[in-house]
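Residue numbering for the sequence shown follows my numbering, beginning at 465 and increasing consecutively.
These aren't lab readings, by the way, just hints derived from the structure by calculation.
Misleading hints may appear alongside valid ones.
Dumping the calculated SDA-like pairs for lysine to any residue here, alpha-carbon to alpha-carbon at most 25 angstroms [as the list claims (entries may be wrong)]:
id : residue 1 : residue 2
1  : Lys503    : Gly653
2  : Lys628    : Asp686
3  : Lys569    : Pro540
4  : Lys487    : Lys562
5  : Lys503    : Thr549
6  : Lys596    : Asn664
7  : Lys710    : Glu605
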Amino acid sequence: MDSTRFTCGIIGGKKIKKEKEMKILFVLTSHDKLGDTGKKTGFWVEEFASPYYTLLDKGADITIATPKGGAAPIDPSSDAPDAATAATDRFNNDAVAKEKIANTKVLADMDPDDFDAVFYPGGHGPLWDLTKDGSSIALIEKFNSQGKPIAFVCHAPAVLKDVKNADGTRLVKGKKVTGFSNSEESAVGLREVVPFLLENMLVENGAFYSNADDWAPFAIQDGNLITGQNPASSELVAEKLLASLK
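Could you put together the complete structure from these sequences and hints?
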C-alpha cells in the first residue's frame, strides 16, 4: 500500500493535508443452517462489530457484501447476553449499521479495484458458502495480486481453502496463519458438525498454523495476509488491517 494516505486541499490560500478515505469491503456469509442440527448459524456479531467500529471510527468507508445480497444472517449464539461486548452493544443500538446488515450488496457485483482492503468476519456460516463461492475466491485472489490487505478472523480463514496465487499454488502455502483451533471447535461441540476442521485444512494446504490458548486474543500478519484466531481476536485483526493502510 502507499506509505502515505493524504490528499492536498487549499483553505485560505494555504495548502493543507487531509486524510484520505479508506474504502474497505466487509464480506459476510449468506448461510444460516448449522449443518444437519436444525439450528441456525450465520456470522458472529462481535467479529463484525469490533472491526467495523475500529475502522469506521478512523474514517473508513465500509461496504458490506454477501453471496446472495440482502440480509446477512446473524448467528443467534453470538447475539446472546454471554457473548455481548461493548462493540456488540453499540451495534445493537446502531440503526445505520443494522440497516447495512439487512441490505448487503451482492458479492459478485463488487470490484476489488474500488477498495483498499477486504475483511471477512467469521461465524460458522462461511464454512458452507464462502469456502466454495467463486466470486469470493476470485475477489481474494485479485486483492492479493494487487498486494492489498486481506484479513480474516475466527472461522473466516476457511474461505482461503481454494484460493490460489497467480502461479497456481495455495495462497496460504508457506504463510504464517491462525484461525479457530481444533480445540476450540471441540469446546463448542461442533467438531462433528462442521464440513471440515479449519486448523486441519490450513495445515494440509501448507500453511504454518499456530494458535494461542483457547479464547485468548491472537492475530498474525504475514505480508498482506492478516488472520485472527477467535472472536476475542477481532479487534487485533482490525488494528493490523488499519496499520497496513496507513
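### Task
Decide if the proposed pair is consistent with the structure: Lys596 and Asn664, CA atoms, cutoff 25 angstroms inclusive.
This hinted pair holds, its Cα atoms lying about 17 angstroms apart.
### Task
For the pair we were handed, Lys503 and Thr549, check the Cα-Cα distance against 25 angstroms.
holds, 23 angstroms
### Task
Would you check the hint for Lys710 and Glu605, treating anything up to 25 angstroms between C-alpha atoms as holding?
holds, 22 angstroms
### Query
Is the straight-line distance between the alpha-carbon of Lys628 and that of Asp686 25 angstroms or less?
holds, 16 angstroms
### Query
Is Lys503 within 25 angstroms of Gly653, Cα to Cα?
Measuring from Cα to Cα gives roughly 13 angstroms; hence the hint holds.
### Query
Going straight from one Cα to the other, do Lys487 and Lys562 come out at no more than 25 angstroms?
Between Lys487 and Lys562 the Cα gap is close to 19 angstroms, so the pair holds against 25 angstroms.
### Query
Within 25 angstroms, alpha carbon to alpha carbon, are Lys569 and Pro540?
holds, 22 angstroms
Checked against the numbered hints given earlier, the structure satisfies every one of them.
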